[in-house]
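Make the full structure from the sequences, and use the hints.
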Amino acid sequence: MPAESIALPLTDTARPFTSRLHQWVTTVDHKRLGLLYIGFALLFLVLGGVEATIMRIQLIRPLNNFVSPQVFNRMFTMHGTTMIFFVAMPLVFGFANYLVPLMIGARDMAFPRLNAFSFWMTAFGGLLLYFSFVGGDGLYGGGGAPDVGWFAYAPLTAQTFSPGHSTDFWTLSLLVSGIGSIGTAINIITTIFCMRCKGMVLGKMPLLAWLNLTMAGLVVLAVSPLTAAQLMLLVDRYMGGHFFDTQAGGSAVMWMHFFWVFGHPEVYVLVIPAFAFASEIIPVFSRKAIFGYPIMVAATVCIGFISMSVWAHHMFTVGMSSNANTFFVLSTMAIAVPTGIKIFNWLATIWGGQITFKTPMLFCIGFLFQFLIAGLTGIMLGAAPFDWQLTASYFVVAHFHYVIVGAILFTAFAAFYYWFPKMSGRMYNETLGKWHFWLFIIGFHLTFDFMHVPGLLGMPRRIYTYEPGRGWDIWNVIVTIGTFFQAAAVLIFLGNLIWSYFRGKVAGSDPWDAWTLEWSTTSPPPEYNFATIPEVKSRRPLWDLKHPEDPDWQYE
Amino acid sequence: MQHSTLRFVATICTLEGITWADTVPFLSPTTIFAPTSTPAQSIFDLSLFVMEVTGAIFAVVFSLLVYSVVKFRKKGAADGPEPAQVYGSSQLELAWTVIPVLIVVVLFLASARVIASIQNAVRPADAIEVTVVGHQFWWEYRYPKLGVVTANELHIPVSDPAHPTPTFLTLLSADTDHSFWVPRLAGKTDLIPNHPNSMWVDPHETGLYLGQCAQYCGTQHALMLLRVYVDSREDFDRWIQQQSKPAHASTTVSEGQKIFEQTACINCHAVAGTVANGRFGPDLTHLMSRQTIASGASKNTIGNLIAWIYNPDVLKPGSKMPAMGLSVQQSAEVAAYLATLR
Numbered sequence: 001m002p003a004e005s006i007a008l009p010l011t012d013t014a015r016p017f018t019s020r021l022h023q024w025v026t027t028v029d030h031k032r033l034g035l036l037y038i039g040f041a042l043l044f045l046v047l048g049g050v051e052a053t054i055m056r057i058q059l060i061r062p063l064n065n066f067v068s069p070q071v072f073n074r075m076f077t078m079h080g081t082t083m084i085f086f087v088a089m090p091l092v093f094g095f096a097n098y099l100v101p102l103m104i105g106a107r108d109m110a111f112p113r114l115n116a117f118s119f120w121m122t123a124f125g126g127l128l129l130y131f132s133f134v135g136g137d138g139l140y141g142g143g144g145a146p147d148v149g150w151f152a153y154a155p156l157t158a159q160t161f162s163p164g165h166s167t168d169f170w171t172l173s174l175l176v177s178g179i180g181s182i183g184t185a186i187n188i189i190t191t192i193f194c195m196r197c198k199g200m201v202l203g204k205m206p207l208l209a210w211l212n213l214t215m216a217g218l219v220v221l222a223v224s225p226l227t228a229a230q231l232m233l234l235v236d237r238y239m240g241g242h243f244f245d246t247q248a249g250g251s252a253v254m255w256m257h258f259f260w261v262f263g264h265p266e267v268y269v270l271v272i273p274a275f276a277f278a279s280e281i282i283p284v285f286s287r288k289a290i291f292g293y294p295i296m297v298a299a300t301v302c303i304g305f306i307s308m309s310v311w312a313h314h315m316f317t318v319g320m321s322s323n324a325n326t327f328f329v330l331s332t333m334a335i336a337v338p339t340g341i342k343i344f345n346w347l348a349t350i351w352g353g354q355i356t357f358k359t360p361m362l363f364c365i366g367f368l369f370q371f372l373i374a375g376l377t378g379i380m381l382g383a384a385p386f387d388w389q390l391t392a393s394y395f396v397v398a399h400f401h402y403v404i405v406g407a408i409l410f411t412a413f414a415a416f417y418y419w420f421p422k423m424s425g426r427m428y429n430e431t432l433g434k435w436h437f438w439l440f441i442i443g444f445h446l447t448f449d450f451m452h453v454p455g456l457l458g459m460p461r462r463i464y465t466y467e468p469g470r471g472w473d474i475w476n477v478i479v480t481i482g483t484f485f486q487a488a489a490v491l492i493f494l495g496n497l498i499w500s501y502f503r504g505k506v507a508g509s510d511p512w513d514a515w516t517l518e519w520s521t522t523s524p525p526p527e528y529n530f531a532t533i534p535e536v537k538s539r540r541p542l543w544d545l546k547h548p549e550d551p552d553w554q555y556e
Numbered sequence: 001m002q003h004s005t006l007r008f009v010a011t012i013c014t015l016e017g018i019t020w021a022d023t024v025p026f027l028s029p030t031t032i033f034a035p036t037s038t039p040a041q042s043i044f045d046l047s048l049f050v051m052e053v054t055g056a057i058f059a060v061v062f063s064l065l066v067y068s069v070v071k072f073r074k075k076g077a078a079d080g081p082e083p084a085q086v087y088g089s090s091q092l093e094l095a096w097t098v099i100p101v102l103i104v105v106v107l108f109l110a111s112a113r114v115i116a117s118i119q120n121a122v123r124p125a126d127a128i129e130v131t132v133v134g135h136q137f138w139w140e141y142r143y144p145k146l147g148v149v150t151a152n153e154l155h156i157p158v159s160d161p162a163h164p165t166p167t168f169l170t171l172l173s174a175d176t177d178h179s180f181w182v183p184r185l186a187g188k189t190d191l192i193p194n195h196p197n198s199m200w201v202d203p204h205e206t207g208l209y210l211g212q213c214a215q216y217c218g219t220q221h222a223l224m225l226l227r228v229y230v231d232s233r234e235d236f237d238r239w240i241q242q243q244s245k246p247a248h249a250s251t252t253v254s255e256g257q258k259i260f261e262q263t264a265c266i267n268c269h270a271v272a273g274t275v276a277n278g279r280f281g282p283d284l285t286h287l288m289s290r291q292t293i294a295s296g297a298s299k300n301t302i303g304n305l306i307a308w309i310y311n312p313d314v315l316k317p318g319s320k321m322p323a324m325g326l327s328v329q330q331s332a333e334v335a336a337y338l339a340t341l342r
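Those protein sequence lines, which keep their order, are chains A and F. The opening residue of the first sequence carries number 1 in this note's numbering; numbering runs sequentially from there. The opening residue of the second sequence carries number 1 in this note's numbering; numbering runs sequentially from there.
These are calculated hints, taken from the structure and not from any lab test. Relax, there's no trap hidden among the hints.
Derived lysine-lysine pairs resembling DSSO-like cross-links, with alpha carbons at most 30 Å apart:
hint: 1; chain 1: F; residue 1: 258; chain 2: F; residue 2: 320
hint: 2; chain 1: A; residue 1: 546; chain 2: F; residue 2: 71
hint: 3; chain 1: A; residue 1: 505; chain 2: F; residue 2: 75
Computed far set for chain F versus chain A, every beta-carbon distance over 12 Å:
hint: 4; residue: 251
hint: 5; residue: 278
hint: 6; residue: 341
From the three backbone atoms N, C-alpha and C, an ideal C-beta is built for every residue, glycine too.
Here it is, written out as structure tokens:
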């Protein structure tokens, strides 16, 4: 049995399909679960992308009739929910699952069966959400996905305003997937604390492990209130509760607090792993150690803490007192400091290096520029009075897409290309990778640079149509054109993954001449990861191995 | 192309009663960069400062990034020696911690000052008071001191900076969350059920100011449009006087009025002085004094009124007003009656 399982997945095509399927469905191996998470995320990325495209076609000109308001409202609700909960989160968990044990020299996660349980909870949560397209109206009629917006402000979610079951599908899918997220987060934390190989004290972990530890801590703290709020909403809808029922003395503002006390740390749940990818990839392609490892760790943990205290900057317009608004301006702007440190440290890592522009590095460079801009528009939004104009407009939509696409998705693409050889055993196609990068970055900037403008000109988000004469028309045309570039780029990306999986050059265990432990084992790694558990003396064990004359542990 | 676009915008603006001067910045009547009221002006001033600071940061970091990416690209042989390994520098890291802290403190203080000046402004005794009630998907305006109730088109007086007559809005909601956003007058403030909010404006120029609901409130969030008419003091007083009068009193009851009063119309709509006293929909007592119907979604013409009464979904799909099953003929008669409500 073990001999069979080692031969992943290049040579195990000889096994019958049902046998292989059974193995994937029942697996508790962290690498397979990681790949399941990632594959699941890619599937939902396509779905969320289709929804975005439908919205952009509808908005390409004023008073367009491509879809009805009802359909448009479902599209933006499903797009947001899908992209956050069923694309970004599974991507983050997938890479963490795959990489953390390998990078800390462990043979699996701490709780392999909890790991499988968590993945399947997330997967079923996603399926539940999409089942709403046929089951949403229940006995009321034909079907309909939720249309309450991805942050589902009360009391729009009350039975009065959302009859039928579309909102229930939204609530239940987030409840179910939330349990999966918490399970995986606990698993990551335990793995990092308990499963490190000999010599790997916390201060010698790869940055990716540190950042995922912070991410997992945030997931536990942030997803729990969301899960609680979903339960409260269910009590309101079906058991006569009045938590958010404003007509019976409940509080709509309380939902906002519950949602954003999840929602803002969630941004960092997603972006901290993006930082993690950048912190592993940029050094390797600059041929230099990460600059200022201790301060990078400190900045990350600092971001984690501060991010728990900024949630109400999503609520500057809901009528908080001037003192509360002022406090949240301060906490929000404070987060710019550790974030700025990170950007400067990446810059210093590149400085004096020898950069090779392989696809993973190209995406990381795109990330650096875009994250800079996203941070600066974030400061504009953090100045509460400016936010009174900008929030809920297309400016804020452009801002958070700069974070989620420009930073998180860009580094996720970088991570795909960087670790694809490890995961599949084969190299991706570099030419297709470059096509993907250039098409995507052109599309990204067409869409999200120009999306800031209609927001400054008074265009609110979530409107299915608009009148001519507001000065918004031309900007919306450009934004929509960019969407098609991005869609084409993503198709090239998926094609590259599939083609390279079957036809790519054999990669070998260390194609990038990299320095962390995952590159010391075969590609793909055997089920048990390492024949003998490694022992490390520094943050870059493979550097020490390759440069015995000048090892890192002399300096750390 | 450019020219025809401009002319098109100009035509629309003329239709909307907006002068060219209003639309010059970015050709938009809803730009945040053409403030005409103190809250919008202080936000605008702050935004310029914030954008100068962030712009400067952008220029510096962007240049450094471009420089280092170009300068430190790999040259020479594929397997030359590795570059010198640098593990960090306490001085540098201290520098790029302390400088951002200083910038943050400055931006924070600038923001705090504007927050206080807008949120803690004193309400003068003679301020105009309006209660705004957000409904799915229209606006109700009540002037409690002046005894006026109207819908969808807000009239307020211009405020002379020397003798300010600001308007204070109390923001309520009848159902879901909404947000009142007229960018040239002020930032947005949400209307939340069971959570009264307030905001104020003191427009310095007369004219029509556009905006729309900025918090997703349901199916027709998109066509919950805002129209604020800033009148000269005399025009405003005249408007108040006209709105305070009872409905048009006719000696004979028209066919349209009969239909209106015998169907469910009166459950939701009010016409002062008649049996119609519903409160779920807009007050129609002075309907013809308004330029638009359906919360700004359509011009107030007899044709649109007929279409709206016959089937509201034609003009605004998903609006809460039901089609009453009237024939086109009956709809036309109701419209003819409504056309007498001046």
